[in-house]
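Chains as they are written, first to last, in our numbering: chain S, 178 to 388; chain F, 178 to 388.
Worth flagging that the hints you see were computed from the coordinates, not collected in a lab. Since this is a predicted model, take the numbers as computed values, not measurements. Worth double-checking, as some hints may not be accurate.
Which copy is meant is left open, because identical chains are indistinguishable; a pair holds if it fits in one copy or across any two.
For lysine-lysine, the following DSBU-like pairs were computed, each having C-alpha atoms within a straight-line distance of at most 35 Å [stated by the list, open to error]:
#1 K268 x K228
#2 K268 x K238
#3 K268 x K380
#4 K228 x K238
There are 2 protein chains.
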Amino acid sequence: MAAPEVRPRGARLPRSARRTQLLGAAREVFVAQGYHAAAMDEIAERAGVSKPVLYQHFPSKRDLYLALLEQHTDELVDATRGALASTTDNKQRVAATMEAFYAFIDSESESFRLVFESDFTNDPEVRDLLERMQRGCAEAIAEVIEEDTGLPATEAQLLAVGLTGISHVTARWWIQAGRPVPREAAAALVAHLSWRGIGGFPKAEGKAGQP
Amino acid sequence: MAAPEVRPRGARLPRSARRTQLLGAAREVFVAQGYHAAAMDEIAERAGVSKPVLYQHFPSKRDLYLALLEQHTDELVDATRGALASTTDNKQRVAATMEAFYAFIDSESESFRLVFESDFTNDPEVRDLLERMQRGCAEAIAEVIEEDTGLPATEAQLLAVGLTGISHVTARWWIQAGRPVPREAAAALVAHLSWRGIGGFPKAEGKAGQP
DNA sequence: CCGGACGGTTACCGGCGGGTAGGATCCCGA
DNA sequence: TCGGGATCCTACCCGCCGGTAACCGTCCGG
Numbered sequence: 178m179a180a181p182e183v184r185p186r187g188a189r190l191p192r193s194a195r196r197t198q199l200l201g202a203a204r205e206v207f208v209a210q211g212y213h214a215a216a217m218d219e220i221a222e223r224a225g226v227s228k229p230v231l232y233q234h235f236p237s238k239r240d241l242y243l244a245l246l247e248q249h250t251d252e253l254v255d256a257t258r259g260a261l262a263s264t265t266d267n268k269q270r271v272a273a274t275m276e277a278f279y280a281f282i283d284s285e286s287e288s289f290r291l292v293f294e295s296d297f298t299n300d301p302e303v304r305d306l307l308e309r310m311q312r313g314c315a316e317a318i319a320e321v322i323e324e325d326t327g328l329p330a331t332e333a334q335l336l337a338v339g340l341t342g343i344s345h346v347t348a349r350w351w352i353q354a355g356r357p358v359p360r361e362a363a364a365a366l367v368a369h370l371s372w373r374g375i376g377g378f379p380k381a382e383g384k385a386g387q388p
Numbered sequence: 178m179a180a181p182e183v184r185p186r187g188a189r190l191p192r193s194a195r196r197t198q199l200l201g202a203a204r205e206v207f208v209a210q211g212y213h214a215a216a217m218d219e220i221a222e223r224a225g226v227s228k229p230v231l232y233q234h235f236p237s238k239r240d241l242y243l244a245l246l247e248q249h250t251d252e253l254v255d256a257t258r259g260a261l262a263s264t265t266d267n268k269q270r271v272a273a274t275m276e277a278f279y280a281f282i283d284s285e286s287e288s289f290r291l292v293f294e295s296d297f298t299n300d301p302e303v304r305d306l307l308e309r310m311q312r313g314c315a316e317a318i319a320e321v322i323e324e325d326t327g328l329p330a331t332e333a334q335l336l337a338v339g340l341t342g343i344s345h346v347t348a349r350w351w352i353q354a355g356r357p358v359p360r361e362a363a364a365a366l367v368a369h370l371s372w373r374g375i376g377g378f379p380k381a382e383g384k385a386g387q388p
């Protein structure tokens, strides 16, 4: 691939600039290799720097990973909140949220892999961050559901989680299958599924369905 | 916890019995710790046996994990196929499939964690197994969708994946939240969501929704 | 009584990779 | 010109764990 392999060595950088650059290199490596297979040496090399420099900015591999992860989970929660607030028509809300979700997953950096394909979920803090993220997204959605349907909180939460599940799983499938349809089409189809259900699709002939 | 810690040492077993027992011990450890944190020593100890015995049955940690994983992915695909074949009414098909999915996840052994929370997805063969599993489930569902709606294969596949996504994500949430509602209720609610969509739930007052 | 197959054990190796000690360089203000 | 405080490097340590070599007891057929 023509990815920005190893950056030129030798250039000195002010502390904060170096830090963000290291985060970028770490993201690339963690996304490509996962937490366990990623080596600190490799992250350092990718950034054009030696390992101790990395440790001057982050106390441990784990902390580096957590910093990165938090950044991206926050991003998704914000995107979800934004999409929900963009309209008051619920059907459009669903569409907007799906679109936001697909946009998040479709980013060049593939950073969604950190969030949805983490291989460090054994760590309690990682679990906690991911759980928080899901709560953040689901509660925002559940609030709307609860308000508009009068369902009990638990049920609303379950439905909300279901909606995030649709987007999450279909979006990853869509990427992994090589984006077989345009992003907007996929998001729209999935939004339709979410809004009308699978029973809401037209029947071909006299097959079974609703009476 | 009162989990069956370490089994009594000293008993000799015929080869095949030992093998299945080792698989059981491995499942317990992998489920509790994940692939990376699990040590071969611990699996052996859990089975009341020494490490070389483990290696007389499985050539490597990776192979052991793969054997275990394949077993459980097959299980889920079969359950899905069974549920789809249990009726010809599509609405009931959805309900049955959800119920099957929830049953799979609600097993005592928590073996679903191997499948849905694997920390070894970096491995190509693991990826392949999981991908196969999703294809297996999704294609079975997509076949029905395609046949009944006349949608193109890709679209049907996307919808099918969406339905698996609902079950997968809600079921895990339901477990993680401490099973806040009975399993049948959760499965039924989620089946309703899948069939009618979020737009199919009753409105509380004069709020936005379908016109 | 004997040999060998089978199931099991202890004790060890080796490398990978996270983390660190100690020193070299360079910029900048006095 | 001369500290001194950044920034960065080479070189190393060491613990963990997957995997193995070599050996032991026991049962069974001849």
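Status of each hint after checking the structure:
1. With identical chains, the CA atoms of K268 and K228 are never at most 35 Å apart, being 51 Å at best within one copy and 58 Å at best between copies.
2. Proximity of K268 and K238 under a CA criterion of 35 Å is satisfied in neither setting, with 43 Å inside one chain copy and 49 Å between copies.
3. Taking the closest pair of Cα atoms, K268 and K380 come within 35 Å of each other both inside a single copy (22 Å) and across two copies (13 Å).
4. For the homomeric pair K228 and K238, the shortest alpha-carbon distances inside one copy (11 Å) and between copies (30 Å) are both at most 35 Å.
Hints 1, 2, counting from the list given before, are not met by this structure.
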